[in-house]
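Peer 1: We have chain A already, so just place chain B on it with the hints.
Protein chains: 2
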Amino acid sequence: MDSEQAEPTKDGEFSRDMRYIPTRITADGRDGYPVEADRYRLVIARACPWANRAAIVRRLLGLEPVLSMGICGPVHDERSWTFDLDPGGVDPVLRIPRLRDAYLARFPDYSLGITVPAIVDIPTGQVVTNDFPSITLDLGTEWSQFHRDGAPDLYPEDRRDEIDEVAERVFVDVNNGVYQCGFAGSQDAYERAYDQLFARLDWLEERLTRQRYLVGDSITEADVRLFTTLVRFDAVYHGHFKCNRSKLSEMPALWAYTRDLFQTPGFGDTIDFAQIKEHYYVVHTSINPTQIVPKGPDLANWWTPHHRDGMGGRPFGDGTPPGPPPADERVPSYGESAVS
Amino acid sequence: MDSEQAEPTKDGEFSRDMRYIPTRITADGRDGYPVEADRYRLVIARACPWANRAAIVRRLLGLEPVLSMGICGPVHDERSWTFDLDPGGVDPVLRIPRLRDAYLARFPDYSLGITVPAIVDIPTGQVVTNDFPSITLDLGTEWSQFHRDGAPDLYPEDRRDEIDEVAERVFVDVNNGVYQCGFAGSQDAYERAYDQLFARLDWLEERLTRQRYLVGDSITEADVRLFTTLVRFDAVYHGHFKCNRSKLSEMPALWAYTRDLFQTPGFGDTIDFAQIKEHYYVVHTSINPTQIVPKGPDLANWWTPHHRDGMGGRPFGDGTPPGPPPADERVPSYGESAVS
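So the sequence lines, in the order shown, correspond to chains A and B.
The numbering used here puts the first sequence at residues 1 to 340.
The numbering used here puts the second sequence at residues 1 to 340.
Just chain A, same shape as in the assembly (with noise of 0.2 Å):
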């Protein structure tokens, strides 16, 4: 997902565009797109939040052999993210240099915003989906039949209810609580949303003192959602979207969760707080208009000790935790800080 979907509306507030291509991958085929191996390219940018979920749920899912994931550069041109990570800026399965040529192959006349996550048809070259809440989602249920043994159930059926519930909190107030602050188009707006994002905040970290996980005792869909923003914040929200009430790593429950999920293979292993860093502080010249990419914060601090585990709780419930990451799709700088 990116900005580029979104402009202060007359009173200053930040809206973000929601209309995505509504077509869903399914295990009966339904939209004409059945779970199937070796079909479909997930298409991320490790800097984008939206996308991250994607990639997480495909670690904890185990569904890296089937679905395989082309990553977007940090840095994307103006009409849309590009691929210039590969070698001659061409994604080596889809053979193109932009996202956009996937969403022009299937809709000629394409004129919403080229998001990532996306999911691309190999055989066609064509988009099938960027609606990111319904991709993560699609993972945990209808690919289960090519889940890894031991993976985990991150929407089971009896927590369904709460999960939405949580989740939809944490997409108004905090997923995309920050981009209103950082987007706002006057002082009321932003201060708006600033007062919401860290009432919610608080009232995260209160639930979190008492419990290891947001829902039951597993992590699940709705952890995934609040760790991407959360991992993003002293980096990039708390400077560049002025959330800066307090850096995450003041607030004591919050900051021991997020460290807990980083130090969960599956999180950890997604993040690249360098790509993160540069996307943000190169692609919004209206709020950054230097391009300069801020040195701190210093990270050293994601592998200290968050003693959650003494607070019980089962990560994958009665599963397993993934293996490290295949060998192309490791972060270098990941693990680093962890031995120094």
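Heads up, none of these hints are tricks.
Going by beta-carbon spacing under 7 Å, a handful of chain A positions derived as facing chain B: (1) E191; (2) G239; (3) N244; (4) R245; (5) P289; (6) P297; (7) D298.
Note that these hints are calculated values from the structure, not bench results.
C-beta atoms are modelled at their ideal positions from N, C-alpha and C, and glycine is treated no differently.
Peer 2: Frame of chain A; chain B shown alone:
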């Protein structure tokens, strides 16, 4: 002082124009301006760290009854600091709307920056000096006949070499260093300034772990000069100038040291965080084009116990703390959070 005097040079480094009006007000009046009660007006802005030095020294020495003070608003126009906080937008003593008028009264073709602090000769309405490093030293040494009973010696003869040496390092790497981070014209120049700043802060952190004040065991000019930058660090420099390896509040000795001074009469009672934030975020449109002012950080923690008195030291040497500021110079918000 203000950024209007400075532009990045070719290699991207911010370079401060250090040409100030060198006239001095002295006991012997050798420049034509003898120290005299009620003859001069010190002009500051609460926002400005360089002017803040003069406001603090005047308070510590008890010069309020003989040297009055005019206060410019936080947001100046492109040509000058203005007296927009005063009734009718005119300084009640100098009877001018803009500080520039006092500069032009003496130098009709004055082409350098219109900076605070400045001292104006009231009878002629002419600026005498804006040479900020000399202003505070002269208040401490040349104005001694008017010092209050119990005024501290901020520039003791037997410590001057050490004070000068520490102050020079603090000036280059910290006072001016934060501006070099914020106004760097290239990523390289920014990163050099950032490294230099935090190396110096580490050096200061280490020094202040061992001793309560920077030089000797009492407050000196060196502490005044460091304080005015540190007190603005989390509110402005951390985010706005990208000095974000860590917050001041994450450097234990420096943070306790700054709170110690903040809670000392003459220091914190000169600080107006709202004006400080408004100045930087509204005036510097080249780095904050939206002019939105961050609502954070939370300031309540300025009043938490600092425990520095346990290290010994005599804040005012053989002297005593100053009384409260004159009624018309009180910062309304000061002490508010101490009560809550």
